[in-house]
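**Q** Sequence:
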Amino acid sequence: MEISELFWNADLEQLKAGYVEKKEAFVCLVCGESVEKGIIYPHQEVLFEAERFMKLHLEKEHGSMFHYLIGLNKKLTGLTDHQNSLLRLFYDGKSDGEIQSELNIGSSSTIRNHRFVLKEKERQAKIFLTMMELLKEKDDHAPAFLPLHKTATMVDDRYNMTKEEQEDVEKKFFPKGIDGPLIKFPKKEKQKLATLRVIIKRFDIEKIYSEKEINEVLKNVYADFVTLRRYLIEYGFLDRRDDGSEYWVKN
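Residue numbers (full-length UniProt numbering): 1 to 251.
If you're looking for bench data, these hints aren't it; they were derived computationally from the structure.
Nothing false has been slipped in among the hints.
Listed next, the in silico DSBU-like pairs over lysine-lysine satisfying Cα-Cα at most 35 Å (straight line): (1) Lys75 <-> Lys23; (2) Lys121 <-> Lys136; (3) Lys192 <-> Lys171; (4) Lys74 <-> Lys207; (5) Lys74 <-> Lys187; (6) Lys163 <-> Lys212; (7) Lys219 <-> Lys207; (8) Lys207 <-> Lys192; (9) Lys22 <-> Lys201; (10) Lys22 <-> Lys126; (11) Lys163 <-> Lys55; (12) Lys150 <-> Lys187; (13) Lys136 <-> Lys22; (14) Lys250 <-> Lys37.
Just so we're clear, the structure is a prediction, and the values are computed from it rather than from any experiment.
Start from the sequences, fold in the hints, and give me the full structure.
**A** Okay, structure coming up:
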């Protein structure tokens, strides 16, 4: 199962924890790091059992799950920039007066009103999630859509794609298999996304690449490697430093 699938299939408690428990391991929902059960892991002269070591991994590598989740694209969180800023300050333990002063908005009563609006959003989300869970038990015709990648930048109907549709695009544009060359970069955005899903798998999620290394990988996919590189960044599959000196897979 891909990490994105683990993430999107996780329940509320698992998302809060930042990891899922499998039969033989604990798996990080952020990066896919797996910690095998039954092994004692040393860290700075202290020994940790597997689950505690996974918690240490999350804290050390990713910080709090709150900050990771709120840092996702606003198309995924459903938050406005203003709501995002407020939630960050609430999480940091700021008082209404401190938030009003820091954001320079309204008064303390204005902040309380924002808290009320966010509480209403929470209630609506709970009701919607419950209805969707009940719907799953009755809707036998719902297609199995491919999950969004967590770093998606443009969430719209181009992500309306099933596994079968993805496979059709792969057969059309990668006739020698997904490890082979791309015969043509599609014009349709939906098909572009499908090909980028294939191409990003050629990169190591743990590695930092130079621009030359990125280009070498992409040259083996398609002659116009510059276009592929641009779209991988545009769609949130790759990220880079402003000076282009380092690239990495976003997760």
